[in-house]
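S.K.: Chain residues, written in single-letter form:
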Amino acid sequence: MRTDMQPDRILHTDDLTIGYDSDLISGIELNVAPGRIVTLIGPNGSGKSTLLRTLTGQLEARGGCVYLDGRDMSGMNVLDRARDMSVVMTSSVRPRMMTCREVVAMGRYPYTGRFGKLRKADEKIVDHALELTGSAEVSDRFFDRISDGQRQRVMLARAICQQPRVLILDEPTSYLDIRYRLDILNTIRTIADRDSVAVVMSLHELEPAMRISDTVVAIGDGHILRTGTPQEVFEESFIRRLYGIEGRDISLLGPGPWMEGERTVPVGQDASDIHGTGARAIMIQGTMSGAGKSMIAAGLCRIFAQDGYSVAPFKSQNMALNSYVTSEGLEMGRAQVMQARCCKREPLVCMNPILLKPTDDSGSQVIVNGIPVGNMRAAEYFRYKQQLVPEIQAAYDKLAGMADIIVIEGAGSPVELNLKKNDIVNMGLARMTDAAVLLVGDIDRGGVFAQLIGTLDLLEPDERARIKGLIVNKFRGDIGLFKDGIEILEKKGHKPVMGVVPYLDIRLEDEDSLSDRFSARTKRDFDICVIRFPRISNFTDMDVFEQVPDLSVRYVDDPDDVGDPDILILPGTKNTGGDLEWMKQQGLDAAVISYARAGGVVIGICGGYQMLGMRISDPDGVESGATVCGIGLLPVATVMNREKTRTEYIGYIPAWKGVLEDMNGMQVTGYEIHNGVTALVGRELFDTEYGDCVPVPDADPSECVYAPDGTGCNRGNIYGTYIHGIFDEEGVAPRLISLIAAHRGKNIDVSMMRGHFDESEDMYDKLAEHLRACLDIDAIYGMMGIVRP
Amino acid sequence: MIMDNKRVTSVFILMSVCLALLVWINILTGSMFIPAKEVIYVIMGKSGNEMWTNIIMNIRLPRLIAAIVLGGCLALSGYLLQTFFDNPIVGPFVLGISSGAKLTVALTLIFLLSKGRNIGSFGMIVSAFAGAMMAMGFVLLISSRTRSMSLLVICGIMIGYICSAITDFVVTFADDSNIVNLHNWSMGSLNGINMTQVAIMSLIALLCLICAVCMSKPIGAYRLGQDYASSMGVNIRLLKVMLIMVSSLLAASVTAFAGPISFVGIAVPHLAGNMVRTSSPSVMIPACFLGGAVVTLMCDCIARSVFAPTEVSISSVTALLLVPVVIWMLLGRRKNAD
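Each protein sequence line maps, in turn, to chains A and B. Going by the working numbering, the first sequence opens with residue 82, and the numbers climb by one from there. Going by the working numbering, the second sequence opens with residue 25, and the numbers climb by one from there.
Just chain A, same shape as in the assembly (with noise of 0.2 Å):
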């Protein structure tokens, strides 16, 4: 809320932004009109102290500018501030030997003379403070032998000595007894009422808080979350998500503005028949794969983030290949990842609790909530999926209560009828979390009036009526062209189109490897060949080269498509055995040997990395069962166990030699998701025991750079490592590229090339951007009941 036109202020700041070492909450505009109490809530480490020490110039602004009675504090004279200004904080000084009477005395330093002679005058108002804040009887005790609390409100008196216009408070009234608090917080009022005196000040009792302030400011999350009066901040479901304790047992609390009570909220409807908490929610579904949900969801995402929501991703069950382990070690799907970081947010395992990772072609591993539960046969997955249904419901309340908006990602088509019983993933979630719903249809594959329409038909009138909107996507030419057919599918559907989205050629991370990535691709001057295994997975690994025009990224299953790239990637799998055996059907495996022994670059990344050791066993028969002898380019060997690994990674690329030497020591990030134990073959047994396994020529395991902790394996020119997504952290894939480029004596231009992570930022934003023009994104927080000022 700006109010410039506010005259009668004695404190405000312009776009000020407050913190430490880097910017903890930017933009705060307030504004203290003289006599009125500015109470700042919010949970420890929020950053209220922070802003209350800018506003008293003990810390200096990072941006924007604090005004006392409209001059600029940063160039204020201190005595001038201090005739003005007084403050409370929550730091304990203990002077030894200066009695109470000498402490309060000090307020008048502004006013006294060269040597702090106090004067009649000066003694009369340090009596007056004394017995205001009732310190009298403390007056001639020594400041350190007397309690808390009396302390308090001896600095307390200091500070109304000081005869400020404007009285900053860091928790005036923290560890003390309701006594002492009452005398605080009596005092506080007089002195605003009576000499029009503006305080701010910071409470962590929100009782006293709602009852004394005339002006609540609620702080969370880096951000001021709510301004207003008590009666507008003070809503319980607010207060509660504020300091995180919604779906808690609060009883121990007592009464209190977290409890529902008598207030009513503010913005829109009645929150409470949300499902629960106060979280909106907006479904994307779409009329059929691939047209586009993803990336809506995540463009919306990025718009409420933007816009200042706190908005989280939401789909209860993903298909893919590609997986991500979260901090805690869980799995999830990239897409919810790549939308989390939309919403400026940690990934959580309850943005998707559910992933299907498909082994081969009817069965799927089945991971709940992070952990896998089993591999399922299709059928066998329908029928299991109904006791999964309290799961998503938990998982979607987790985080219904840490935002305002939950953007949720359909499945496929909504109206596959005869899958359709026990829906979780359509309807039936949108009536779990009473969703509004956006349809999208996909005009460039065509048949767009019929994809939505009859989509529409074909739901049942409740579900029907869910449909708020519809979004007409990946539109190529000119959009003027399609206003009739607005108007068409307006007419006919009965519901308002939303939008007509162009087509976007933007790299977010595929969802699955149903993407068209792996169409053939002509070479350019830098190329990249990656073996494109029947059950390729982690692919997203090789998605930062794709930023450099003059590379090209290959996925090849053809020896003879192989040619002399100057990097060959295996990258990883669901089933390395299986992989293994094909490679050896296709020829790939001498293709990779006849090109590493010629001197190339061959990395192999997780089950591209097993595979490039000797020997891949498998005694409990987590893929096949069987022994399967590896490329033999590295000296180690790969005994397939239950036990899966799933950590991320942050640390530095090993003593590798080669090639690649320069890149010792270069940080890098990625996570670690497979089965097995990969470990290096001595001398020794590489003659005896992998008799079976034949090693190429000249592998000499002595040369072997050997790290056990997941960074691998390498030897000549040939790396291997379970880290996925080594190439991402910004600096390592341009390093990469320049260091084998010198090597084949190219010149390639890398410049352009930045972080995976930061690269992705730029993408949300120009894709927010890209749908704010194109969407009607006003009507869209119609649908959630938020109407925007």
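Hints are supplied without guarantee of correctness; some may be wrong.
Below, simulated DSS-like cross-link-like pairs (lysine-lysine); rule was C-alpha separation at most 25 Å, straight line [as the list claims (entries may be wrong)]:
no.: 1; chain 1: B; residue 1: Lys264; chain 2: A; residue 2: Lys198
no.: 2; chain 1: B; residue 1: Lys30; chain 2: A; residue 2: Lys201
no.: 3; chain 1: A; residue 1: Lys198; chain 2: B; residue 2: Lys30
no.: 4; chain 1: A; residue 1: Lys549; chain 2: A; residue 2: Lys576
no.: 5; chain 1: A; residue 1: Lys205; chain 2: B; residue 2: Lys30
These aren't lab readings, by the way, just hints derived from the structure by calculation.
Go by the hints and put chain B onto chain A.
M.R.: Below, chain B alone, put in the same frame as chain A:
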């Protein structure tokens, strides 16, 4: 300011009486016995005995004035540093400031002596001040990086050790003839101070005392901590610079004339504070100066009379007498904290 005025007055009277008494004792004691009556004659300028006049006017009197002035300087320096660091166990010696001054003085001394020239009082003070500021600079550098007071003190002690070690190196390579001289000085001694030096040190002491008195108002507010002081209108930067400059100059002049004298800077402000029972700077500044004078004079008296005619280094005496005070103070603080 509100304080127990009666108590403060009686403390000042007591200290003055002690000082007068100690002056009298000091002027009487020495390797040569001089009758009290003769001493009075000498001071009144009526004595005919040239040797006695010489001993009293050129040896005993300068020395006792030096003890008074330098003792006062040390205690005042300690008080200002304690205020600055808000820490009762710092002092010029503990923070390595005295050692820094000692190092530069030793270097200058040896350099000039090797060239066959002598160093004047002024040169001594300048080089000591340079050393004190250098050590202070290190301490400030450390204090800007840590808020831990114990770490600060430990670093100060380390700086002291480094400076002492370098001084020892230098002394090892100095000419034999200089070593004795240097050794005596570096142990701390008021021996051999003349009237000119006394005049110079008194001038510096007076200057610093005036500065300190002028700072008493902001120092008073500074007792509530930097943040509160600033909020009440204290120019913190100016105050800090002044505190550093004045306390370093005080410590430097003491070291230049008498070598490092330990613990007076820590213990006296504490003793004085306990006697006057107020931390008000307008009381503490004169009380510290006077207290420092009394203690140092007493210690010097002990240093030269206990094993007479052999003289003990004054630093040993101050350490012996004042370390228990410091320990008692630390324990007392501990009890208050609990």
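S.K.: Now, for every hint given, state plainly whether the structure supports it.
M.R.: Going down the list of hints, with the structure as the test:
With a CA separation close to 22 Å, the supplied pair Lys264 (chain B) and Lys198 (chain A) stays within the 25 Å bound. Restraint check for Lys30 (chain B) and Lys201 (chain A): satisfied, since their Cα atoms lie roughly 21 Å apart, inside the 25 Å limit. Our distance criterion of 25 Å between C-alpha atoms is met by Lys198 (chain A) and Lys30 (chain B), whose separation comes to about 19 Å. Restraint check: the Cα-Cα separation between Lys549 (chain A) and Lys576 (chain A) comes to about 7 Å, which is no more than 25 Å; the hinted pair holds.
The hinted pair formed by Lys205 (chain A) and Lys30 (chain B) meets the criterion: a straight-line CA distance of about 23 Å does not exceed 25 Å.
Of the numbered hints given earlier, the model fails none.
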